[in-house]
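Peer 1: Keeping the supplied structure of chain C fixed, place chain Z upon it in accordance with the hints.
Chains as they are written, first to last, in our numbering: chain C, 138 to 364; chain Z, 138 to 364.
Calculated directly from the structure, the hints in this document are not laboratory data. Nothing here was measured: the structure is a model prediction, and the numbers come from that model. What you were told as hints is all true, and nothing was included just to trick you.
You can't tell identical chains apart in this list, so a pair holds if it fits in one copy or across any two.
Dumping the calculated DSSO-like pairs for lysine-lysine here, alpha-carbon to alpha-carbon at most 27 angstroms:
hint: 1; residue 1: K352; residue 2: K364
hint: 2; residue 1: K364; residue 2: K316
hint: 3; residue 1: K247; residue 2: K176
hint: 4; residue 1: K247; residue 2: K178
hint: 5; residue 1: K321; residue 2: K364
Chain by chain, the residues:
Number of protein chains: 2
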Amino acid sequence: MNIAVFGTGSVGQALANRLAELSHQVVIGTRNVENALAKTKPDGMGTPPVSVFLESHPSISLHTFADAAKDASVIVLATMGHGAKEALSAAGNLDGKIILDITNPLDFSKGGLPTLFASNDTSLGEQLQTAFPTAHFVKSLNTMYNGLMVNPRALGEDSTVFVSGNEADAKAVVTGILKEFGWKDSEILDLGDITTARGTESLLPVWLRVYSATKNGFFNFKVATGK
Amino acid sequence: MNIAVFGTGSVGQALANRLAELSHQVVIGTRNVENALAKTKPDGMGTPPVSVFLESHPSISLHTFADAAKDASVIVLATMGHGAKEALSAAGNLDGKIILDITNPLDFSKGGLPTLFASNDTSLGEQLQTAFPTAHFVKSLNTMYNGLMVNPRALGEDSTVFVSGNEADAKAVVTGILKEFGWKDSEILDLGDITTARGTESLLPVWLRVYSATKNGFFNFKVATGK
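So that you can see chain C by itself, here it is in the shape it has in the complex (with noise of 0.2 angstroms):
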């Protein structure tokens, strides 16, 4: 498929890296690609800036939103959460197109860990479901480190991955990419409609006190059954 990632940070990277290897045609969408290319130190985080991504990675190209949009029938929305809106203003026309959610809306604003700037009786998924009507949400993957959303087996055991969207054609597209990087039939939940984004990003604040307990980030929640 034609797959554009937007966003440049670890989550992007992840993607693009994950979804060339498995043969997708990939394209990286940024805001403006001569100030991504500038950048030559690693971010906060340690993730390498993206002009060392694609040195290594020649099969994919950095593209402006609406550029990088243009031919893809999926979209991969791993922009930060408060940059969401604005990626996908920029894009152009997103009709018909899927939309593979993983942002989560972050609030750093406040220093400590990171509040929701959506939360309760709505989510990030949802407002840009219904800021964008004619694309297909899919929100997925937004509740565990890149590492695995792309190598789920590398956990060592089975976990949960969740899926909610309105579209059950465009949770489909979506359940496959989810089955070519790894998860199981067993391991995908679809919670519903989009509006069940409120869950899924709910939870990040417990994700965020796993992680400050335990130092590790290698986690994934699992919904266990005992089946």
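Peer 2: Then chain Z, alone, in the frame of chain C:
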């Protein structure tokens, strides 16, 4: 131990039953004993009225919150979230008492799936600790169906119970009770102080959506690490 269980619903009954089985001295606390005993029909969830429970549990008696709390070293707080503060206010002197807080700040007033009346940058757990500063709150067990709280081995696989609280000694007492219930050391995850209840209370929105999607509440979250 002398343990007072606050709340006559399904959670309170499950905890009182199990603690008495384990040979603790158990009393149940309620706002108005006469009113509680006057109920003759199961509640909306099918839980039998407390009078039926008491008939089959002759070692357990029902008292006002204050009378129940008087000799208790541990109070199991199993009221509705919105009734928690009032129950503790009615309990009298809480100095040094350990409160095993199982409540969740669920707001059912809007219909549909409940939202949280405390979330994101606060939690019911920390609000109660602030309101009753001389008691030692330990938030735990609030993230699962009550049958699994008191009998985790019934699930047939390992899962996770979270612990949040400011006092190490109080957490040790609660952890001891968890182990009596059958929780393994490796399943008990101490997240830190009482503010980490923001994390575990925020599991409710996803718990509710897993339950809605699967029509099955017999599951628990596991922090899967592959170990």
